[in-house]
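S.K.: Going line by line, the protein sequences match chains B and F.
Counting with the working numbering, you get residues 1 to 479 for the letters of the first sequence.
Counting with the working numbering, you get residues 1 to 246 for the letters of the second sequence.
Honestly, the hints are just simulated from the structure, not real lab data.
All the given hints hold, so there is nothing to weed out.
Here are the simulated lysine-lysine pairs, BS3-like style, with alpha carbons at most 30 Å apart:
1. F/K94 <-> B/K311
2. B/K472 <-> F/K126
3. B/K299 <-> F/K94
4. B/K170 <-> B/K194
Label-pair restraints from in silico Cβ distances:
5. B/R26 <-> F/P72: 47 to 57 Å
6. F/R106 <-> B/S62: 24 to 34 Å
7. F/E152 <-> B/E181: 39 to 49 Å
8. B/A13 <-> F/G246: 42 to 52 Å
9. F/S156 <-> B/E86: 48 to 58 Å
10. F/R171 <-> B/T274: 39 to 49 Å
11. B/E473 <-> F/G246: 23 to 33 Å
Given the structure is predicted, the values throughout are model-derived calculations rather than measurements.
Here a beta-carbon is modelled for each residue, glycine too, at the ideal position from N, C-alpha and C.
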Amino acid sequence: MAEAVVDFPRNFAQALNNQQLRRNLRVAMDTMGMRRRTLFADLEAFERLRVRGDAIRQRALSKLPELLEQLERKCTENGIQVHWAETPAEANQICLDIIQRHHATRVIKGKSMVSEEMHLNHFLAEHDIEALETDLGEYIIQLDHETPSHIIVPAIHKNRDQIARLFHEKIPNTPYTEVVEELNTIARQVLREKFYAGEVGVSGVNFAVAETGTLCLVENEGNGRMCTTAPPVHIAVMGLEKVVERLEDVPPLLRLLTGSATGQLITTYFNMITSPRQPGEKDGPREVHLVLLDNGRTKIWADPELRQTLKCIRCGACMNHCPVYTRLGGHAYGYVYPGPIGSILTPQLEGLENAGAMATASTFCGACEEVCPVKIPITAILRRLRTESYRQTAAPNAVKGHGCKRNLAESLAWQGWAFSNATPWLNALNATLLGLTGSHLSKLPQVGLLKRWGQSRALPPFASKSLHALAKEKGISDE
Amino acid sequence: MPTHPEKVYFFGTCLIDLCYPQAGLASMALLQREGIQVVYPQSQSCCGQPAYNAGFPEEAKKVARQQLKAFPKDYPIVVPSGSCGGMLKHHYPKLFADEPEAAEARRFASRVLELSEFLVKVLDVKLEDRGQPIRVTWHSSCSALREMRVIEYSKSLLRQLRNVELIELQRERECCGFGGTFSIKQPDISAAMVADKVMDIEQTRATRLLSGDCGCLMNIDGALRHRKIPIPAQHIAEFLLERVHG
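Starting from the given sequences, assemble the full structure and let the hints guide the process.
M.R.: What follows is the structure in structure tokens.
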């Protein structure tokens with residue numbers, strides 16, 4: 001399903017003016033960053049671990065087609081039914097068909113970003129199927145008809161008071177309380193009832209092991225285990241890049257994921273799903289389905305540089321450390337995946353003409369790359385996306401919407417800049433001319449670039465003599 | 001790289017050339033007082049980073065070629081900026097990877113050193129502080145911190161000065177929001193970032209802000225002056241020269 005056109009400037013301005021949001025995010029991001037730093041205090045050990053994580057993800061992607069076939073084979077042998085979906089619409093239809101075959105109307109969900117990518121809840125609601133989010137954060141935002149603002153901590157934009165008010169208003173017969181334990185109890189009571197009533201469980205997948213046909217699910221609340229074991233049918237949805245080759249690849253990735261995401265050595269729950277209920281077993285679903293979603297990933301995979309986007313294990317550390325995300329929050333980005341990873345993934349999925357502006361929302365400070373557990377070259381990919389925005393190309397791997405920002409004014413400006421900076425006499429002349437303006441720049445009408453800079457900063461003064469001129473005057477050798 | 005080269009090239013950067021030439025002169029003076037002959041090629045201009053990061057690599061390449069030409073000999077190339085230094089050292093090899101100049105760009109890159117890195121790592125300078133007691137704070141540019149990794153060199157120079165009290169920022173590792181064309185393309189986000197940086201600086205109660213990068217300085221100094229906060233922002237080279245002269 002296509003999103004409505006995102007008005008980035010308006011979104012960004014609104015987010016920046018929301019002081020409550022700014023405060024909530026700052027506190028939350030500081031906490032997440034601190035937890036991660038504490039766990040990975042030994043920087044050399046972290047570096048060794050992420051070199052390994054990077055290698056595992058690269059190896060998996062290098063044999064992606066074979067591994068996906070192997071995964072399908074192994075899963076099928078284990079009794080898991082595998083479905084392939086090229087688009088979110090196909091994936092939604094697959095889920096709907098399974099649910100309707102079982103005459104189910106109540107679905108309980110564990111946290112899954114791919115299901116957000118599919119807008120699965122909305123689609124099911126259109127078919128009179130209730131999909132209830134059971135992850136606490138997801139439950140909170142579902143109550144408030146919001147989408148996740150962070151891929152790991154979906155309600156990170158809300159503070160305790162806001163959640164207290166929300167529960168009081170939206171959950172019948174709920175007294176107002178700000179005590180965290182009481183809020184937890186309220187949510188637990190509501191969700192417990194729903195777990196009993198759920199007819200189909202939907203979950204995401206953190207890693208799928210090709211060697212064994214195992215679906216790994218990382219979570220802290222036990223709701224993921226409930227969703228994948230209590231209802232008679234379990235549907236796991238996964239982006240097709242999440243496959244790893246061997247079972248032994250999982251422990252290092254798990255350590256990197258939990259450490260980067262929440263600063264935990266391991267999560268409270270780690271589920272490994274290898275089959276539906278076997279004869280003689282007392283629990284577990286009777287049917288397990290795996291839906292593998294492409295949604296443009298194959299195209300990303302075809303380009304060696306862009307492919308690195310697919311190494312992502314969705315830890316969210318890039319968001320927690322991003323100075324831009326910290327000030328905007330996830331909703332301002334307008335798409336499912338926000339922050340640095342969102343800014344490289346979304347334009348590739350949705351096209352530069354729709355989401356290319358996300359690639360401009362970065363100073364290239366590199367804080368994201370410094371913490372990325374699988375060494376995704378985020379700034380290089382952002383730069384590539386900016387370049388492709390201006391460059392129409394016949395290259396087969398070109399990003400969708402390439403050349404959409406091409407315009408004569410900007411092209412001429414950069415060509416003029418390049419000509420001047422590659423022509424010493426012209427460069428010297430320009431320096432002299434700018435020097436004549438001195439600090440009078442501030443007296444010019446403040447429009448265009450001057451206005452954009454000047455609304456929050458004084459303009460820099462041009463020196464009356466350039467360094468070139470001064471060096472010459474001082475007799476510094478030019479050889 | 002010779003341990004104590006006789007001669008070095010100085011790459012002044014376009015921003016210092018046009019707006020902060022005193023920082024360039026101070027940098028060269030610091031090198032000269034260690035007995036180094038400084039060569040300033042008049043045919044140099046910009047490293048090309050503005051176009052490279054804005055999405056115009058061909059234009060960046062055109063300008064970068066001019067720099068390859070302007071610094072032909074085997075001398076170290078000293079750069080008073082982590083950002084421009086990072087472009088020359090880490091991005092030229094990528095920019096020219098598929099071009100005839102690939103090997104030349106790699107050789108060029110291997111000669112690049114950031115100013116404080118050169119002063120400490122290569123020259124092992126000892127500075128004598130002749131100035132009055134002063135409290136300063138330090139802004140790390142992201143490229144000096146994460147790309148060139150030279151922040152410890154810069155700070156070690158400041159710590160040599162006995163009358164200088166260095167108060168570190170609470171969020172020293174956080175970007176000031178300059179980001180070259182980012183400050184123009186996303187002026188609101190940039191303004192929010194530099195506003196937080198200004199608050200952090202004020203909290204130190206320092207009377208001067210120092211940095212090794214004039215891009216950040218232009219941004220932060222602009223924000224300080226816009227708010228009429230009387231904390232001058234200065235390139236580290238100017239400050240060091242001022243201190244050793246007293």
